[in-house]
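Asks: One letter stands for each residue in the lines below.
Protein chains: 2
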Amino acid sequence: MHICQSPYWNNCCAILDAFVQRFQHLKERIMKNISSVQDKARLVRKWCLVSTTEAGSGHPTSCLSAADMATILFDRYFTYDTENPLNVYNDRFVLSKGHAAPLLYTLFGMAGAYPLDELKTLRKFGSVFEGHPVPNYKYAEAATGSLGQGLSIGAGLALASKREGFGNKVYVLTGDGELAEGQVWEAANFAAHEKLDNLVAILDINRLGQSQETMFGHQMEEYINKFKAFDFEVISIDGHNYEEIDQAFQTVQNANGKPYAIIAKTFKGHGISFLDNKDGWHGKALKKEELEKALKELEQVNSDLRFQLKKPSETKMPTHVDRITQTSITFEPKKEYATREVFGEILAKLGTENKEIYALDGDVMNSTFTEDFKKTHAERFVECYIAEQNMVSVAAGLSRMGKIPFVATFAAFLTRAADQIRMAGVSEANIKFIGSHVGVSIGEDGPSQMGLEDISLFGSFPGTVIVQPCDAISTEKLVALIASHKGFAYMRTLRPKTPLVYKNEDSFSIGGSKILQQSDDDLLTIAATGITVFEALKAADELKKEHINVRVVDCYSIQPVDANTLKKCLNETHHKLLITVEDHFIHGGFGDFATAALSGVPGQVIKLAVKKISCSGTKEELMKDAGIDASAITAKVKSVLKKEVVM
Amino acid sequence: MHICQSPYWNNCCAILDAFVQRFQHLKERIMKNISSVQDKARLVRKWCLVSTTEAGSGHPTSCLSAADMATILFDRYFTYDTENPLNVYNDRFVLSKGHAAPLLYTLFGMAGAYPLDELKTLRKFGSVFEGHPVPNYKYAEAATGSLGQGLSIGAGLALASKREGFGNKVYVLTGDGELAEGQVWEAANFAAHEKLDNLVAILDINRLGQSQETMFGHQMEEYINKFKAFDFEVISIDGHNYEEIDQAFQTVQNANGKPYAIIAKTFKGHGISFLDNKDGWHGKALKKEELEKALKELEQVNSDLRFQLKKPSETKMPTHVDRITQTSITFEPKKEYATREVFGEILAKLGTENKEIYALDGDVMNSTFTEDFKKTHAERFVECYIAEQNMVSVAAGLSRMGKIPFVATFAAFLTRAADQIRMAGVSEANIKFIGSHVGVSIGEDGPSQMGLEDISLFGSFPGTVIVQPCDAISTEKLVALIASHKGFAYMRTLRPKTPLVYKNEDSFSIGGSKILQQSDDDLLTIAATGITVFEALKAADELKKEHINVRVVDCYSIQPVDANTLKKCLNETHHKLLITVEDHFIHGGFGDFATAALSGVPGQVIKLAVKKISCSGTKEELMKDAGIDASAITAKVKSVLKKEVVM
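Chain order of the listed sequences is Z and P.
When we follow my numbering, the leftmost residue of the first sequence carries the number 1, and every step to the right adds one.
When we follow my numbering, the leftmost residue of the second sequence carries the number 1, and every step to the right adds one.
With the rest of the complex left out, here is chain Z:
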């Protein structure tokens, strides 16, 4: 019997026919979907090109390499309420490669957040569509543009979400050039250690950096091996293949205890023949005629295509607490306290009262005393190990989720994160920085451990609050004040113990100061801060013995400095002279703030501060050596009085 005559033949044929039909149908559906998403990707490309040409500058080719992945993400997976960007249940999209800003702007425009036509104001003065994302553009999770910071910011967002159970996903789009930044590997360690399986790194490996091919070009295994070694779940794809992209995003929906890295081989400028994988097109907008040629290649694009984002089922917005009070502690008048130790105790107490407070540590919690916070609020304590850059950017992410992150390490090691601090500042993050072990007064450890540029670092950034308490009581009050302050704040804490200067009932304010010693016959004023307050008081006592009365002010608020009190002191003292004394390098420190505050007021400011690299020694030896101890102050007062008399 011929097989066609078998009774099963017809059955088999019917089954096969049905299968083929279903397959065709599926294929059609997929193709239709793909073609629909391809159309959207074409529209995305169009706007990246149009907006940059309109601006006359920008990075269209860096947008194009990621356009396909970003389109599928927004078209099918991204859950977001464009009316409430801060809703903690929103998925998050961090554009680590900030120069691809037009892509970000196009994505949210196509999600209906604003008319796409507004993108024509790209890079123009007053537009929210700046050259790189800034907080004026409310869909940016952070200001980016200094590369290699996005994964840390995403880790901060994902951490808050993970710890507090918001159940959303955080997608971070990075370039390949920026993977050379060490911070990326700090972030990778952190994300894996914290098991942030709600974090998805999308690596746009387009081969070309700014000035040349990247270190690894298209050697994909270099990235795959590295992210695997850093304990990521790695998915390697062709970043322009729609099915592979879709499959990758499908996979990352399943959280399995590891952060994801979608490592995508892409081509810079992909989608436009004369840009695709071509050298020399980094950071260049197309000329009008080039744009026309490009748009022709994109064929007819339906300009009305839009993403229909799913909204999260819940809405919860972060709120700012304007006033954080504290359980007051009674300090024993005769006892000495290290301000860093008091900070730790107070922070732990504030953490009980305010559940948004987080503490971040860089393996120095027993030096900064954030260990107190860990003991009582482990669920909001974040161990970042010795990786300060990641620590600061994680804090920026936490701040975006409405948290109040306290970042504490040695002041000297905050310089390690200067660029991240700068960018968190541009991001308007609400971070409190605590720098311990400031100045030469730390003693034996030597210059590498001394925070002597920290006021300069934080002070140059506009609007940063900088405070430095000298005793336990002022520390207690100031920690609560900076916690309540919305925005950047920096507190210096001291290594050595210091006696109480204040009473438990004394009050303090940001921008305030305290006159600690005065008479009706003060010849001049000594303005001190932190450890030098005690030297100033000692000097005043010494001088009094020689019938020289000087006024002593504790400028615990360095920025804003108490201009009114300083002016008053200048006016009221005989020689219209202010001597500032600080345990910080002379340029960019407290003295410069005091001087600026007194600009235009008749009188003179003399700065005593550290002028050279210090060394090992006792606190006393080093303060003497730096010329900022009581004897140096006394000598300076006498010498200026002598000159004044001669003059």
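Please note: incorrect hints may appear among the correct ones.
[What the hints assert, rightly or not] Dumping the calculated SDA-like pairs for lysine to any residue here, alpha-carbon to alpha-carbon at most 25 Å:
hint : chain 1 : residue 1 : chain 2 : residue 2
1    : P       : K568      : P       : Q604
2    : Z       : K568      : P       : G603
3    : Z       : K611      : P       : S484
Source of the hints: derived by calculation from the structure; they are not laboratory data.
Using the hints provided, position chain P relative to the given structure of chain Z.
Replies: Frame of chain Z; chain P shown alone:
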């Protein structure tokens, strides 16, 4: 025939006997060697303990975990002339874990560099044996103590050696805690990419950080996988097993195109029972009675044991060139030039004349114009990709080898390496930093790309030379001046093109300035620098139309600032008023240097500078918005004159 009666039996026995004898002999020799090296390791341990107890602080346990490896390295492999630490043919030992300084001091003491007894001055004021290594101690390749920088410094040393064929090895001892620092992975990428097979990272994985176990504890595979993924040749050993250690050092003598990582499982405090692998001993010196107990455990140590280092067969010391002249270029009077572009051209020319000049780039060579140097001196051009931290520390290593490294990137991105800059400063490295794209005048790219804290960053570090030329001719002269200057120097370069202010024959000096406009009847002085020079000149022209004469000074040298000229200006002008104008944040910038220089001189300084975060826009819009353009200067002059008149 019984086997014993075989004629071969005796032969066999004889051969076997001889073999056994040789084996025993060999074993004895090994054991004797081991016992000798074990004795030396005991002596090393003793001094690490004694010196820290004597100091009353320090990190003995961090020394002990690495003592065995360091002892074998110095006893058998390290080639070094203690009389000429700078001999370029010396092997190099970089102590990345700087807190283990007593180990370093003991090693060179046992190599005969100085009496070991001197270690009793550890951490005392005036001693070269500081808490962490500093350049006063001449055997330190760099100041360390801010963690995670040593591998980059080692890479810099190894790079010079590799490129110039010195044939030496560079050993870098790192801790495990510090491997969390991203810079380590920047260095790893760099070392592998540059095929630095003369670089040996010795990883002391002792499990314990400062405040707790490290992220990976003793999960050795975490380190092994990561260094393999970063293309190192990995040797995994027990860091207290003498045969394994020896074998590892034997292996690394063979260069095979890859950098080596000896990944050693060790125990913190190893060798003393009550310290070995125990929590709570980080950074603690033993008390007197604890020390006695420990020394008893070390048994009788022969205090006379010493390392006999092999000397390199050649000696060549780096020399400093005091004066680097340049082929002068004639600039066309009517043409405009970008100072960053001129910098590139001049650097290439200087590189022809001086073979010690290196240029380091972070994938922005077509923006900073170090690409000109690459074209002509590829052998001394170092592409560091987007990894600024590593770039700066590599430069510190190059400087130690007598090179003159020019590090160039966007000024904004130099902040990424603030801590490395700080430590390179403590190391007294001879690095020239070039920050391009300074200020709001870069225009459309927005705040993330604007260098507005850079003067503050470099300025707070004592003794750094800071210059900012405003035109092509001053750029030409100032590049040569900073190249000749020994020590830190920083130059700001501008993005936009500017017209010539100077003539080809004009001369410049570090600490100088130029009065560009003056009359006998100047009411006040405007001191500008860089881009604001043109605004000041424009304002002066405007004011002249209204019969208001103002003096204009170009302070191209920001630190040291030309105090004499500024004083002269203050004295000679009618209102004793100086207005500083700069494209930098207001705190810590040029204005503060000018103010400090004029302290005590009757008169007033008013600072015009950037006071808020800028945005995208044209150069003109942003300078106007920041209040540092000609119209802002004009307005300020008029308003102060009005007030002065009223007063």
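Asks: Against each hint, give a clear statement of whether it holds in the structure.
Replies: Here is what the structure says about each hint:
no. : hint            : in the structure
1   : P:K568 - P:Q604 : holds (13 Å)
2   : Z:K568 - P:G603 : holds (20 Å)
3   : Z:K611 - P:S484 : holds (24 Å)
Checked against the numbered hints above, the structure violates none of them.
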